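J.: Sequence:
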Amino acid sequence: MEFMSNLGGGAQADRPSLFELIAQDKMREMLEPALRYVIAVYAQRYPRYLIRIVNRYEEFYAVLMFFVERHYLREYGASFAENFYGLKRVRAPRVVKQAKVNIDDESVASSAAASLSALPGSNKLRERDIRKSLLFLIGLPYVKCKMDEYYEKVSGGEAARLFGDEFTQEEEDLTGQPLGVRTKAMALKLFKKGYPFVNALYQLSILAHYIGYLYNKTPYYSPWLRLIGIEVKRMSAADYRDIQQKARNTPRRTSNSLIESVQNNILGLLSGSLDFLKVLLPMSIFFFKFLEWWYQSDYYRKASTAGDSAEVPPPARVKPHLEGLPLPREANICPICLKTITNPTALSSGYVYCYPCAHKQVEDHGRCPVTLMHCRTDDLRKLYNDAGM
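For the sequence shown, the residue numbers in the UniProt record's numbering are 1 to 389.
Just so you know, the hints here were simulated from the structure itself, not pulled from any lab data.
On a predicted model such as this, the values are computed, not experimentally measured, just so you know.
Glycine is no exception: its CB is placed at the ideal position from the N, C-alpha and C atoms.
Take these hints with a grain of salt, some might be off.
[As the list claims (entries may be wrong)] When the alpha-carbon atoms are kept at most 30 Å apart in a straight line, the in silico DSS-like pairs for lysine-lysine are as follows:
1) Lys189 / Lys144
2) Lys26 / Lys146
3) Lys319 / Lys132
4) Lys144 / Lys132
5) Lys233 / Lys26
6) Lys124 / Lys289
7) Lys319 / Lys339
8) Lys26 / Lys184
9) Lys319 / Lys360
10) Lys124 / Lys184
11) Lys153 / Lys184
12) Lys246 / Lys289
13) Lys153 / Lys124
14) Lys360 / Lys382
15) Lys382 / Lys319
16) Lys144 / Lys233
17) Lys217 / Lys124
18) Lys153 / Lys193
19) Lys246 / Lys233
20) Lys146 / Lys192
21) Lys289 / Lys153
[Stated by the list, open to error] Quick list of simulated restraints, FRET-style, between CB atoms:
22) Asp298 / Tyr46: 17 to 23 Å
23) Pro356 / Tyr150: 35 to 41 Å
24) Leu280 / Lys184: 43 to 49 Å
25) Lys153 / Tyr37: 20 to 26 Å
26) Phe290 / Gln44: 17 to 23 Å
27) Phe66 / Thr183: 32 to 38 Å
From just these sequences and the hints, can you work out the full model?
T.: Spelled out as structure tokens, the structure:
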């Protein structure tokens, strides 16, 4: 993305557009589901080694991205996605307050500010800036993800939003309960009521900074960058030359022992692997989006239909039990109510009934009334045409 540094001109040549910043944010968001998909696929083949990662994926991803982002912040002064788009992080220039001295000549003031920012190393990230950046790049998304999951759990999820209070957890009567139990219940109630408003403020603050940055009212496109005093700029030609010069001038580590040699080789391999992520991770995103398109396309349906030409024969029909209900002569008659089947529903035995009849029968007796085969309410399968009858 080196060409991005040549866009624009004048005093705003190093100021990235809002679309570049949103694009790198979206790229960072797409890394998580892409990696999750790859791990889930391989976990089916090697569950012994990967099932624990799948179960604790958020923690695994946070630790992995911590090392990735720390490497890129230290080596390139930018996060992984920002470096991919040719961006960098710099410390915001300090505003010098002058209480008694008034400067009337704006050109003198602007030239003084420019000379201050041009000092070597004056705006590069320090170690504490890197720690703050990691806090908002890794820590904040992880905490928000966990809070979203917890809110979905305690509020009833999508079913509660669609169908109302029928799927929400009923509040228990806490009269006579210990103070700790009542305090915990009150905190949970406040969280359920207040978290949607906090989340709305979170999103509105981001939107407000987007609009302010778009109209050049603020140098920060994110409220978190404002908190830590860091701006995002385009990388210049000098930045690329410095990176190349640094790579060429990096001295090779000499070692006098075998252990030190192995350690140096491992460190070099890890550093090279992290740099290779600029190619590997975008390829994984492309692969992930390609699979999404493939499984939703007509080509996949045609290939699946062609592969199913040799159909597996259905299992043998379960015969009616001697002590079960007799089958009606006509196939569209329910064996339970002996009326025309309405809302046809099949049990795991293969026989079709009216849905209310089948549900009540299985709920009361736990078996198919014709074959006396054990069934559960989860085994009910509704049919939407007359072919199953």
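J.: Need the list of violated hint numbers for this structure, in ascending order.
T.: Going through the list in order, the structure violates hints 3, 6, 8, 10, 12, 13 and 22 and respects the others.
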